[in-house]
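Asker: Sequence:
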Amino acid sequence: MKRVLKVVGLGLVGLVAVLVVVGLFLPRTWHVETSVVINAAPEHIHPLVDDLKAWPTWAAWNKEMDPVVKWEYGGPATGVGAWWSWDGPQMGHGKMTITKSDVASGVWIDEMIETDDKVNAHGSITWTQEGGGTKVTWTDEGELPPVLGGYGVGFIEKMLTDHFQKGLVKLKGEVEKRRAAELEAAKAAQQAAPATP
1324 MKRVLKVVGL
1334 GLVGLVAVLV
1344 VVGLFLPRTW
1354 HVETSVVINA
1364 APEHIHPLVD
1374 DLKAWPTWAA
1384 WNKEMDPVVK
1394 WEYGGPATGV
1404 GAWWSWDGPQ
1414 MGHGKMTITK
1424 SDVASGVWID
1434 EMIETDDKVN
1444 AHGSITWTQE
1454 GGGTKVTWTD
1464 EGELPPVLGG
1474 YGVGFIEKML
1484 TDHFQKGLVK
1494 LKGEVEKRRA
1504 AELEAAKAAQ
1514 QAAPATP
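Heads up: the sequence shown begins at 1324 in the numbering used here, then just goes up one per residue.
Since the hints were made in silico from the structure, they are not lab data. Fair warning: this is a prediction, and the values are worked out from it, not measured in the lab. Just so you know, even glycine gets a beta-carbon here, dropped at the ideal spot from N, CA and C. A couple of the hints might just be wrong.
[What the hints assert, rightly or not] Result set (DSS-like, lysine-lysine): computed pairs, CA atoms no more than 25 Å apart in a straight line: (1) K1376 - K1489; (2) K1458 - K1489; (3) K1493 - K1481; (4) K1510 - K1495; (5) K1510 - K1423; (6) K1423 - K1458; (7) K1458 - K1393; (8) K1376 - K1418; (9) K1481 - K1441; (10) K1493 - K1441.
[What the hints assert, rightly or not] The following label-pair restraints were derived from C-beta to C-beta distances: (11) Q1488 - K1386: 15 to 25 Å; (12) M1388 - E1480: 32 to 42 Å; (13) M1388 - E1466: 37 to 47 Å; (14) T1380 - A1509: 44 to 54 Å; (15) K1386 - G1454: 27 to 37 Å.
Turn these sequences into a full structure, and let the hints steer you where they fit.
Answerer: This is how it looks when you write it as C-alpha cells:
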C-alpha cells in the first residue's frame, strides 16, 4: 500500500512539474477585437464612451452582473485622466483610466486588473465613418501572470469577446435611440416654429 501511495505521489509531483514547465512556455498575452456599425456620427457616440459614468448604461459590467459591486470615480468628469474603479465578487477588482480621447477617432484606456499599482492591460474603443454610419471597434489586450496565466488566455478571450459584443450592441441601441429622440425633438421644434412670412 505504501508503495502504491509513493508511486501515486511521485506521479502527481511529476504531473505538476510538467504543468508548470508547459505553463512557463505558453503565451500569456490576450488580444480581443470586435466591431459594430452604428447609424450615427462619431460626435453622437463619443459622449457615451468618454464619460465613464455612462458605461453602465451600455457595457456588460453593471449592477445586473454584480449587484453588490462598489464603484468609485475620480479625475475629471470626462476625457483624459478620468478613472473608474470597481470591486465586487463578480466583476473582481480593477481600475481603468482614459489616456487619450478624440471625438473624431475614439477613446484609449489603461487598465489595472486585480492590481492597484500595475497597468497590465490596454484597451481602446475607436471609430471610423463607414457609409452612412460609423464602424466602432473595441480592442483590448493584456498579459496574465506566469505559469497559470497561459492556461487562462483562451477563457479570458472568450469571456471578453462575449462582453464586448453585448456591450457594443447595447451602445449601438443607446446611441441610435438618443439620436432618434434628438431628430424627433428638432422636427417638433421646427413644426412648432411660426411660419416665416
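Asker: Would you list, in rising numerical order, the hints stated earlier that this structure does not obey?
Answerer: Of the numbered hints given earlier, those the structure breaks are 5, 7, 10, 12, 13, 14, listed in rising order.
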